[in-house]
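Quick note, the sequences are listed as chains A and B, same order. Residue numbering for the first sequence follows the numbering used here, starting at 21 and increasing by one per position. Residue numbering for the second sequence follows the numbering used here, starting at 27 and increasing by one per position.
Derived from the structure by calculation, the hints contain no laboratory data. Remember, predicted model here, so these are calculated numbers, not experimental data. Check each hint, because a few of them may be wrong.
To be verified - So the derived label-pair ranges between C-beta atoms look like this:
#1 A:24 to B:45: 33 to 43 Å
#2 A:42 to B:113: 34 to 44 Å
#3 B:92 to A:36: 36 to 46 Å
#4 A:33 to B:84: 44 to 54 Å
#5 B:84 to A:164: 37 to 47 Å
#6 B:91 to A:137: 21 to 31 Å
#7 B:84 to A:36: 44 to 54 Å
#8 B:126 to A:181: 54 to 64 Å
#9 B:64 to A:94: 19 to 29 Å
#10 B:62 to A:25: 40 to 50 Å
#11 A:178 to B:118: 43 to 53 Å
Unchecked claim - Quick partial rundown of chain B residues pointing at chain A, CB under 8 Å, derived from the structure:
#12 63
#13 64
#14 71
#15 75
#16 76
#17 78
#18 116
#19 119
Idealized CB from N, CA, C, for every residue including glycine.
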Amino acid sequence: MDDLDLIAAYARRLEAALRRAGRPVQPLVDETTAHLVEDAARIARADGCSAQDAARRAIARFGDVPAVVAAARKNGRALSASIARVSSLVLLACVAWWIFTALVDPPYPLQVKDALIVNFFAELAFVSILLFRALDGRRTLRGVVGPALVLNGALAFALVVVGLVSGGVVERASGHGTPLSSLLADPVWALMLVQSIAGLRALGGTRTRDGALVAG
Amino acid sequence: MKGQALKGHLDSMLLASLQRGPRHGYAIAEWLAEQSKGELDLAAGTLYPALHRLEEDGLLRGSWHEAAGERRRRVYALTKKGERALAAQKDEWVAFSRVMNAVLGGAHG
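This is chain A alone, in the form it adopts within the complex (with noise of 0.2 Å):
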């Protein structure tokens, strides 16, 4: 095993616990790893010793996994990270649902309406599965989940609005049921909008001055 793969080594070790502790992976995998490999190139300039050994010497000098996993929990935010999962997650459960009763097997004939509210489904889990990738650190999706995100809150906050106004004002002249009993009897808009705020703040730490959203 050479230096480089030691510190590779180091880095997946980290990102496993990273993932296991529910801390978002990047950007300090990354940037540990540059850490690694500069500080191990030193200590080989500077003593002479191996590039092995150097690298040893550079892990043993940033500190053990459990060490650095403990200050990225301490220093973290991960409610906002976990509400975001677990909203996404029922969310992802409510489309599968829906697919399920509406398209595989229907208690009623299929109707115009129920195709159109397949673009709005489909919107949802697209957005719940690119925050669980952004939260995972899959740099690949910069620039695209923050918008989506922002997007995906503001049509919650009309539809809850909305909900809010019109089923609010035809329970009351009913006689019966409250504004929020509206907002409860559309739960999905409701989580919508708590997936939008918490997994914007949970990635919004890392939106960088290119714009890039980076969920570490």
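Chain A is fixed; fit chain B onto it per the hints.
Same frame as chain A, now just chain B:
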């Protein structure tokens, strides 16, 4: 000087490391080691999560830089909010250290 003694001061030190211009994580760790003349016993791996938190709080701004033939690096710079926070933390530290010097100096006197 161990981590416990640094509690509450790491943020100030990280902000101070950037007051003369943007640096990447390795340069920040080096700067801290140089300034403390090796007195700080700080694992570099714990610096990065703190940098990320300061970035989340809007005190730092991070961006990826890539030079030809070099590994890409994330460079951190102070934001206006970070500059104000650093100035406030410096003032607090000066006042605190004056009190501590008076008290501890008095204990010996």
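Right, here's what the structure says about each hint:
no. : hint                       : result
1   : A:24 to B:45: 33 to 43 Å   : holds (34 Å)
2   : A:42 to B:113: 34 to 44 Å  : holds (36 Å)
3   : B:92 to A:36: 36 to 46 Å   : violated (26 Å)
4   : A:33 to B:84: 44 to 54 Å   : violated (32 Å)
5   : B:84 to A:164: 37 to 47 Å  : violated (23 Å)
6   : B:91 to A:137: 21 to 31 Å  : violated (45 Å)
7   : B:84 to A:36: 44 to 54 Å   : violated (31 Å)
8   : B:126 to A:181: 54 to 64 Å : holds (55 Å)
9   : B:64 to A:94: 19 to 29 Å   : holds (25 Å)
10  : B:62 to A:25: 40 to 50 Å   : violated (33 Å)
11  : A:178 to B:118: 43 to 53 Å : holds (45 Å)
12  : 63                         : violated (17 Å)
13  : 64                         : violated (12 Å)
14  : 71                         : holds (4 Å)
15  : 75                         : holds (4 Å)
16  : 76                         : holds (5 Å)
17  : 78                         : holds (6 Å)
18  : 116                        : violated (22 Å)
19  : 119                        : violated (21 Å)
The structure shown violates the earlier hints numbered 3, 4, 5, 6, 7, 10, 12, 13, 18 and 19.
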